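Trainee: Quick note, the sequences are listed as chains A and B, same order.
Per full-length UniProt numbering, residue 1 is the first one in the first sequence, and the count goes up by one each step.
Per full-length UniProt numbering, residue 1 is the first one in the second sequence, and the count goes up by one each step.
Keep in mind that the hints were calculated from the coordinates and are not lab data.
Keep in mind it's a predicted model, so treat the numbers as computed, not measured.
Virtual Cβ for every residue (Gly too), placed ideally from N, Cα, C.
Be a bit skeptical, because a hint or two may be false.
Claimed, not checked - Negatives, chain A to chain B, calculated, CB over 12 angstroms: (1) T47; (2) A123; (3) N198; (4) K249; (5) S288; (6) E296; (7) E302; (8) P323.
Claimed, not checked - Estimated spans, in silico, between C-beta atoms of each pair: (9) B:T154 with A:S288: 21 to 27 angstroms; (10) B:A123 with A:G127: 38 to 44 angstroms; (11) A:K95 with B:D170: 57 to 63 angstroms; (12) A:S288 with B:P39: 30 to 36 angstroms; (13) B:G247 with A:T257: 54 to 60 angstroms; (14) A:A144 with B:S218: 36 to 42 angstroms; (15) A:A22 with B:P48: 33 to 39 angstroms.
Unchecked claim - Residues from chain A that face chain B, not an exhaustive set, calculated with beta carbons under 7 angstroms: (16) T79; (17) E333; (18) G336.
Listed here are the chains, written in short residue letters.
Protein chains: 2
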Amino acid sequence: MRSPILFLVLSSALSAPVAADALRDAATETFKPLPSTIPALKENTVTPEKIALGKALFFDPRLSASGVFSCYSCHNLTTGGDDNMETSVGHGWQKGPRNAPTALNAVLNEAQFWDGRADDLAAQAKGPVQAGVEMANTPDNVVATLKSLPDYVTWFGASFPEAADPVSFDNMAKAIEAFEATLLTPAPFDAYLNGDDNALTAEAKAGLQLFMDKGCSSCHSGVNVGGHGYYPFGLIEKPGSEVLPEGDKGRFAVTETADDEYVFRAAPLRNIALTAPYFHSGKVWDLSVAVEIMAESQLGEELKPEETAQIVAFLDSLTGTMPEVTLPVLPAETAGTPRPTTMVE
Amino acid sequence: MRSPILFLVLSSALSAPVAADALRDAATETFKPLPSTIPALKENTVTPEKIALGKALFFDPRLSASGVFSCYSCHNLTTGGDDNMETSVGHGWQKGPRNAPTALNAVLNEAQFWDGRADDLAAQAKGPVQAGVEMANTPDNVVATLKSLPDYVTWFGASFPEAADPVSFDNMAKAIEAFEATLLTPAPFDAYLNGDDNALTAEAKAGLQLFMDKGCSSCHSGVNVGGHGYYPFGLIEKPGSEVLPEGDKGRFAVTETADDEYVFRAAPLRNIALTAPYFHSGKVWDLSVAVEIMAESQLGEELKPEETAQIVAFLDSLTGTMPEVTLPVLPAETAGTPRPTTMVE
Chain A
1 MRSPILFLVL SSALSAPVAA DALRDAATET FKPLPSTIPA LKENTVTPEK IALGKALFFD
61 PRLSASGVFS CYSCHNLTTG GDDNMETSVG HGWQKGPRNA PTALNAVLNE AQFWDGRADD
121 LAAQAKGPVQ AGVEMANTPD NVVATLKSLP DYVTWFGASF PEAADPVSFD NMAKAIEAFE
181 ATLLTPAPFD AYLNGDDNAL TAEAKAGLQL FMDKGCSSCH SGVNVGGHGY YPFGLIEKPG
241 SEVLPEGDKG RFAVTETADD EYVFRAAPLR NIALTAPYFH SGKVWDLSVA VEIMAESQLG
301 EELKPEETAQ IVAFLDSLTG TMPEVTLPVL PAETAGTPRP TTMVE
Chain B
1 MRSPILFLVL SSALSAPVAA DALRDAATET FKPLPSTIPA LKENTVTPEK IALGKALFFD
61 PRLSASGVFS CYSCHNLTTG GDDNMETSVG HGWQKGPRNA PTALNAVLNE AQFWDGRADD
121 LAAQAKGPVQ AGVEMANTPD NVVATLKSLP DYVTWFGASF PEAADPVSFD NMAKAIEAFE
181 ATLLTPAPFD AYLNGDDNAL TAEAKAGLQL FMDKGCSSCH SGVNVGGHGY YPFGLIEKPG
241 SEVLPEGDKG RFAVTETADD EYVFRAAPLR NIALTAPYFH SGKVWDLSVA VEIMAESQLG
301 EELKPEETAQ IVAFLDSLTG TMPEVTLPVL PAETAGTPRP TTMVE
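For reference, chain A alone in the conformation it holds in the complex:
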């Protein structure tokens, strides 16, 4: 009488991996694990010298007119690569128009900013430096600052050995892009995609299944679980104006096409549990609430509480191991270094 029972146990033991593999197979078609090496950049060879230069620039508050803000200020690498504010505070205590996205894994996004108006991180890096509400600087003043610091001149020379005039605003942006390309955060979900069944809890696996079945992964797919493709916020049902302020028409400002009103890039979801508050407006602090709003506005779905919890468990599995970043030592000002100006024009 014992053999049938033994058979049943064996059968279920055997069938579990099959089911797990089916889920992994579906996930593998939809997502992609993080690469184990620094991604190649378009027209920007990554070298150790360029990474080191880019790190120095990323941390240097002298890229801002006031000397108060560096890239790190809003893309804080201690707190998930963002600043955990609704919208960032910038020059003169002005508030930025949209929530600061994380710099972590951003190199893998198809385009940058909430409206995708920058093709890559090199193009992106030039934006905040010049934005009046952010760092409020000018390319000329940045270059004058960098050229006044002999170490930077050396570092730019080593990073761009073939350039006639290595210290330039474009090369600043390329070096920052090279550093940011190192900011990858492998997560339990990557281990799962790579074949480790134990990397995800049962709840996270159920959440992954739901994430695909309900249609979340129609937009949030690929290596960054989002970060590519543009979709109207409120495809099925527009969220309230608190979450989707009427004044910000998203990608419409880039394309000036009526179809692009309130269209945004699908947010990349790696480390999403670390980067509250949510949405371009930064108005939602609770990840469960953000999931519910997405389900309703984009899919017309009202999630059961346990479904929301499962999807959140899956999203938690996207929280990765932070890169180890040692602070750079920046060159000291010289007599020729432009002085910080905290004046607001």
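Once you've looked at the hints, dock chain B against the given chain A.
Mentor: Structure of chain B alone, referenced to chain A:
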């Protein structure tokens, strides 16, 4: 005929170390090399757990009401432990009243702040967190923030194992003090004091000699080449009101003693070449000019240009090796974490 020449050569070879030793002997009586270990703190045992907690707190912008500023914002460890501004920019873009001093080696100062109003770094750390023009927070809100983050609760427990209620404003300050106690920057001058003749250039040695002969070291002495003792700024001749603004009466605000008008703590001079602009007013960007102003106002001395250059060469030898600081990974907000407020009251 060759022996007398040989004798002369030998004699000068022998006499050089004697002269160098005389300078070192005098220097050793006046200054002290950095310790090779973390200094003991008053009523604050330093443990690895406490250092790690203190580092997290030092970098955490949630210690400020706005979520914009951390200790690191003004005590930037990439730029000499200060912010390289005349006076810091704080909550609501307000400007602080005095130049931010470096956090590097600050543990070795006899008292903290320009007017010495805090006995130690634990007392100091509580100041900016609460100052309306700096981080504008309250102890209650800080403790509520920290208690809302389970990792912090664990870290405080491990750092203060005997405390009944480990997460407190006082313990926050003690942990920050423990981290700051690790921020020591051994410099060529230390190597010289420790016996390495080649650690200082001939110009720096001449500057060291002048620094003692002219009387600079009457105030700027000890392990931090300053950082203890209080002296009127303008002992012999008051500098202009641009450099010494009339509204800031220095230590008078602490002691309310007429003798303490315009009295300040002698600035610690380690890494001074990295921490322009100078003086409590932050009005002087050039170290040579600062040296000249000091010589005139405190000593009634007009330095020759080569003397200034020699003293600056000595001061350059106080620029140390920066501590290697790896960014901490901070806990993510929870539902209970007080939200940042960028409102200015």
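Trainee: Please go over all the hints and tell whether each is borne out by the structure.
Mentor: Against the structure, the hints come out as follows:
1. T47: Correct as stated: the minimum Cβ-Cβ distance to chain B is 21 angstroms, above 12 angstroms.
2. A123: 25 angstroms, holds
3. N198: 23 angstroms, holds
4. K249: Consistent with the label, K249 (chain A) stays out of reach of chain B, its closest Cβ about 25 angstroms off (over 12 angstroms).
5. S288: Incorrect as stated: the minimum Cβ-Cβ distance to chain B is 9 angstroms, not above 12 angstroms.
6. E296: Nearest chain B Cβ is 20 angstroms from E296 (chain A), so the label holds.
7. E302: Correct as stated: the minimum Cβ-Cβ distance to chain B is 22 angstroms, above 12 angstroms.
8. P323: P323 (chain A) is in fact no farther than 12 angstroms from some Cβ atom of chain B, at 9 angstroms.
9. B:T154 with A:S288: 21 to 27 angstroms: 24 angstroms, holds
10. B:A123 with A:G127: 38 to 44 angstroms: Roughly 42 angstroms apart at Cβ, these two residues keep to the hinted range, so it holds.
11. A:K95 with B:D170: 57 to 63 angstroms: Because 34 angstroms falls outside the window, the suggested range is violated.
12. A:S288 with B:P39: 30 to 36 angstroms: 47 angstroms, violated
13. B:G247 with A:T257: 54 to 60 angstroms: 57 angstroms, holds
14. A:A144 with B:S218: 36 to 42 angstroms: 40 angstroms, holds
15. A:A22 with B:P48: 33 to 39 angstroms: 46 angstroms, violated
16. T79: At 5 angstroms from the nearest chain B Cβ, T79 (chain A) passes the 7 angstroms test, so the hint holds.
17. E333: 5 angstroms, holds
18. G336: Since chain B brings no Cβ nearer than about 11 angstroms to G336 (chain A), farther than 7 angstroms, the hint is violated.
Checked against the numbered hints given earlier, the structure breaks hints 5, 8, 11, 12, 15 and 18 and satisfies all the rest.
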